Structure formats: C-alpha cells, structure tokens
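Novice: With chain A's structure known, arrange chain B on it following the hints.
Chains A and B are the protein sequences, given in the same order. For the first sequence, the UniProt record's numbering begins at 1 and goes up steadily by one. For the second sequence, the UniProt record's numbering begins at 1 and goes up steadily by one.
Fair warning: there could be bad hints in the mix.
A partial selection of chain A residues facing chain B, derived with a Cβ cut-off under 10 Å [as the list claims (entries may be wrong)]:
1) A105
2) G112
3) T150
By construction, these hints were calculated from the structure, which means they are not laboratory data. It should be emphasised that the depicted structure is a prediction, and the values quoted were computed from it without experimental measurement. Each residue gets a CB set at the ideal place from its N, CA and C atoms; glycine is no exception.
Now for the letters of each chain:
2 protein chains.
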Amino acid sequence: MACWTSWRRACAPTKSAPTSAEPGASALGEFELIRHYFAAASCARAGEGVVLGIGDDCALLELAAGEQLAVSTDTLVEGVHFPAAAEPFSLGQRALGVSLSDLAAMGAAPIGFTLALTLPRAEPAWLEAFARGLDQMARQCSARLIGGDTTRGPLSLTLTVCGRVPAGQALTRAGAQAGDLLCVGGCLGEGAGALELVLGRRQAKAQVAEALLPRYWAPQPQLALGQALRGKATAALDISDGLLADCGHIATASGVALLVEQARLPLSAALLDLLGEEGARRCALGGGDDYLLAFTLPAEHLHGLQAAGWPLQVIGRVEAGAGVRLLDAQGRALAPPARGYQHFGAAGV
Amino acid sequence: MACWTSWRRACAPTKSAPTSAEPGASALGEFELIRHYFAAASCARAGEGVVLGIGDDCALLELAAGEQLAVSTDTLVEGVHFPAAAEPFSLGQRALGVSLSDLAAMGAAPIGFTLALTLPRAEPAWLEAFARGLDQMARQCSARLIGGDTTRGPLSLTLTVCGRVPAGQALTRAGAQAGDLLCVGGCLGEGAGALELVLGRRQAKAQVAEALLPRYWAPQPQLALGQALRGKATAALDISDGLLADCGHIATASGVALLVEQARLPLSAALLDLLGEEGARRCALGGGDDYLLAFTLPAEHLHGLQAAGWPLQVIGRVEAGAGVRLLDAQGRALAPPARGYQHFGAAGV
Chain A
1 MACWTSWRRA CAPTKSAPTS AEPGASALGE FELIRHYFAA ASCARAGEGV VLGIGDDCAL
61 LELAAGEQLA VSTDTLVEGV HFPAAAEPFS LGQRALGVSL SDLAAMGAAP IGFTLALTLP
121 RAEPAWLEAF ARGLDQMARQ CSARLIGGDT TRGPLSLTLT VCGRVPAGQA LTRAGAQAGD
181 LLCVGGCLGE GAGALELVLG RRQAKAQVAE ALLPRYWAPQ PQLALGQALR GKATAALDIS
241 DGLLADCGHI ATASGVALLV EQARLPLSAA LLDLLGEEGA RRCALGGGDD YLLAFTLPAE
301 HLHGLQAAGW PLQVIGRVEA GAGVRLLDAQ GRALAPPARG YQHFGAAGV
Chain B
1 MACWTSWRRA CAPTKSAPTS AEPGASALGE FELIRHYFAA ASCARAGEGV VLGIGDDCAL
61 LELAAGEQLA VSTDTLVEGV HFPAAAEPFS LGQRALGVSL SDLAAMGAAP IGFTLALTLP
121 RAEPAWLEAF ARGLDQMARQ CSARLIGGDT TRGPLSLTLT VCGRVPAGQA LTRAGAQAGD
181 LLCVGGCLGE GAGALELVLG RRQAKAQVAE ALLPRYWAPQ PQLALGQALR GKATAALDIS
241 DGLLADCGHI ATASGVALLV EQARLPLSAA LLDLLGEEGA RRCALGGGDD YLLAFTLPAE
301 HLHGLQAAGW PLQVIGRVEA GAGVRLLDAQ GRALAPPARG YQHFGAAGV
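With the rest of the complex left out, here is chain A (with noise of 0.2 Å):
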C-alpha cells in the first residue's frame, strides 16, 4: 500500500522515535499536517494526464494515442547531494528540478512525480516550505505530485517523475552520427560555480551571487527545448556529472567520438567573476549540476532553431571513434582536467 494514506504510518508517533511537532501539530494530527502541506503540489496541472491521483493504491495516468511514457528515478540524500540544514524551500525546488531534467532530456514533457521522503521528524515549518518549493517547481514545469511515501529516518528524497513523448520520438544517447554538431543549452559550469558559493568556500558580490545561486537551488530543466530538439537532435542528455563526463555516455551509446572545442564553452560574466577564467573553465568541463541539456544535432537544424530563438550554443562536432577529446582553438588535443563528477561531500573545483 502506498501513495498517501502511508504517510499516516510514517509520521504519527510511536514509540521508538517520539515527534517534536511545534505546537499546534498535535491537534490537527501530523497525517493531516502533511495532507495539508502537499496538496497544492497534487492539484490538477495543465497538461494533465492524472485520472487518479493521491489516496489510492496507486496512481492511474493515461497517455494519447501513439505516446510512450518516460520513467526516471532520483534520490537525494542530506550531506550527499545537497547540504546538511538545507533551507526546504529550495530543497523542494532543486529535488523536483533535478528530476524533470531527466524528462527534458529525453523530449518529454512531465505528467506527475511520486515523492518518497524520509525525514527523522515532522516539522511542520520545514515541511511548509519544503511543500511551496515542489509546488513551485511543479507548477512552473505542469507537473502534478501523484503519489508519495513518508518514513521516519535521516533526511533524504526519491523523486520518481512520469512524462509523455510521442512513440520513436524520444532522445536517446545512442543516436549521434559523424558530422552531427555538438550543442548544449546554454552557460556551463553555473552549478558547479554555485556550489562554491553555497558551501562558503567563496565570498561574491551581490550581483553575482544572485545570479548563480538559482541555478544550484533552482536548476531549470530544460523542457521546452527538450521538445523542440525531437526529431532534430541525434542525442541527448542532461549535464550533472560534468560535461565531459556526459560526453562521454553519448559517445559510448553512439559509438562515436566527441570533439569539444575548449574556446566554444559558453562562460557566464558572473561565472567568470566568481572564479576567473580558468576556474570556470574547469567548471563548465568538470563540473557537476548543470542540469543543462548536452546534445548532437545534424547541421542543416541550427540556423531553424537559433532562429526560432533556443539557447543553444555549437561546441563542438562528432567524429567516427570513440571517447571524448578536448581541443584547443587550434585543434589540439588538451588534457581535460582532472576533477569529473563527485559526491557534494568531496566537492571542490
């Protein structure tokens, strides 16, 4: 049994682990509490796709005629993927962020999530806030939360987000082909920078601070160009474990090799500010939590889609081969950095 009728066995008190529920939790009882806190984030969005939602066994989608369902699952943990005594607000937001990133690359566009959340107690100001930022998110990406479990434990969420695509239209890594450019969605390396930030091991300036830090709280899946690349781009994913990372699942999905042409990596003026050039650089190429979109996309569909106003920069091509190479202006082979993906807990650029 599942999908919200648990959350009343997670969070009503037992005796192994007594809830410090502020006052005022008790009356209304914490089952109801949490009912209440998540309902926003259960309403009916647009888009839809939802028959049955929360309060069942399960939840009931349906698609059209002629769609497929894309599935992920994420699971973030406290002092792992995101920061001991994070603001919930923005935990709600980076959760749901994160986990549609992985529909966008794929051409998807969300139906609903279920949200599995250990937490080791009810707080009802915690969950209030951590309820709005999902909400936000969802409602920013038409994503409705369908189902959900609580139990007590250390903090730490598993996001499971449901999409639509029209069937053979999905973007896979496993289509690159020789020739093909190699584009992502825009500035890299903002996650990675904002995470310095976050973890106070560098001081900014107002400005610039407030230009990266969404991009770690808040990260923005690309949706909509997502779907605007199906049919056009060869490949695609989303950037978490570094782009050079990420490359490389392309490269060995497609068989092929990717070139990335070092002074095409797009670099942000607050990036740049924050870390200079060769710090963001190693961000954009090493860095993890860009949750941008990386993909190949045959020549003749750039002009359309630049024109068409997408955010997406040429930075490199596709050749026959295999693995990932950097390269200088001039076309040399450069060493790439050393630093690829790495647990929040050994971060460090």
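Specialist: What follows is chain B alone, placed relative to chain A:
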C-alpha cells in the same frame, strides 16, 4: 540524470566515505559490479511494455490502446520496515513483493519498476544476494527493473512500480455499495505472526516457522486475483496497515460502513499453532504486512469466482453508513483490538 549511469556516482570511492569492498571488487570497479548483479532483473520479461530499459536518462514504456498506467512508490527503511542486518536475498524479495502488491490492489499487471537503493557501502556478497532475491520476485511477477539510482547512506529502498490496466477497470477504494460482500484473498494475520518469529519474540516448531516466515520475507502479491476482480469487485486494496484500518480506508473512500464478522476471519493452522485463537485473531484484525487483497463484491459474482478456484473468503458485508464495525457471531458489536499498524520498531502483537 538517472537510470543506472548514476550507480557510478554513488559507488565510486569518495574521499569522505571510503569503500570497503571485498577483494576482487576493485579490479572490476563497483559500478560494473552493481551493473552486473542487477543485470538479471533488468532482462526482458513476459508481458513487456518496456521500449527502453536501463541506461538512458529515462526508461520508456508503452501501453496498448485503451490501457492506463498504474504507478506506486514505497520506501522501506532498515530498522523501521525490516530488521537491521536482514538477510539480503529475502529483503530483495520482500521489497519488490510489497511494492507490486499495490498493482495487485488496482487490478493492474506489472510492467516494470525502478529501484532507488541507499547503501552504507557496496558489499559484493550483499549486493549479489539482494539482486538475486529481487530478480526472483521480478520473474515470478513478470516485472522488469527499468532504472535506478544508488546513493551512499543508511540502508533504505524506494521502489516505484508501473503496471497496466484497461481504462476504467482499475479497482479503487471508492466504489463499495451497500449490500456488497466484504471479502479477503486468503488467511489473515500471517505477516504479523511471522514478524514475531523474525524479531525472535517467539519460538515455533519448524513446520510452523516454515509456513509463516515466507509470508513476511516473500509476500506474494495477488496480481492474478486482482486482475480477475476487474469488472466485479466494487472496491479493493491490499492489507498492509491491518484489516480493520484498511477496511476503514474503503469505508471512507466509498462513503459506506463495513461490517466485519469476527467468526468468519480465516485463520491458518500455523498461525493458530503459534499464537492461539485470541492472538491469531488480533493479528488478523490489526496486524500489518499481510499484503492480501481485501475487496467488496456484489453477491452475484461470488460463486463464479469461487468456482474458478480463487481463494476468496467472505468476512462481512457493506451497509449504508460510515466506519468499520466488528461483530460477533450473533451480530453484536465487539470492541476492536487496540493495535493498528505500527512501525517495525514499535510492532508487537
């Protein structure tokens, strides 16, 4: 990014949490080890509906015309939902069986499932046995592992199951009608009885233990029964919180009263042997973890289902009104036993 490429992130040694893999693990790499262990569970299964399995940003599923997708998420935390140091083969079976029971309760047929696994460390022997248990249940139920995420942390499992059901035929909790019979799919209380043995609170003869322990460690989701009840049962769920509590969910969702006749509760010889009549009845009424279906059925369907060999037992009926009432053999109201569902950590008969 999710779906298996992520295994690497979690299980690569990090500075902050060094891995204590057994000899041999390091040669192959933990990523490859985990991939290897879970390969069997990710193989194609009868029934299918999986267009793209593990290895991309999302899995892709397809439904036949006129089908809907049923989705449910469950989390199991060590020390809360299963004992610390649980035997991993059994844990794999239990985790998937419990999750698939939600599909059974909707009358859905499994397609696939994702596994979010949080582990303190990657131990080859543990992973191998856990994956074998998971795969055994997956084979029995024609479900396929379609994606996952692994993170480092205290042991917990979140499974999201996806199944198919003809549009409009899903069994919900909301359709029970006055005059329907109240039925269950087999002998009650055995999950709670088995937990007494799991926790070492009681000793049993070998024959009794052999009969009961699989009810806890390898609960068999009643998928075929759920599908046979489509178009017949008016409401259904799986019993996980305890019979009376779960009947309360149907009563609330359907806006009716459910009457449970204590004399009609099906109790197995093994449970009676372990706990005596009084104890067995308490487990049947209030014990969690049965993962049998409870459902309401118009009387006209009873004999056809029984003649077809379905293991259903009539235990009461539906009336106009609200709530759940427990009746003695003379139809007089009885006080229900105090215990509803409690966490593993607080469980007791």
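Novice: Decide, hint by hint, whether the structure agrees.
Specialist: Hint-by-hint comparison with the structure:
no. : hint : result
1   : A105 : holds, 4 Å
2   : G112 : holds, 8 Å
3   : T150 : holds, 8 Å
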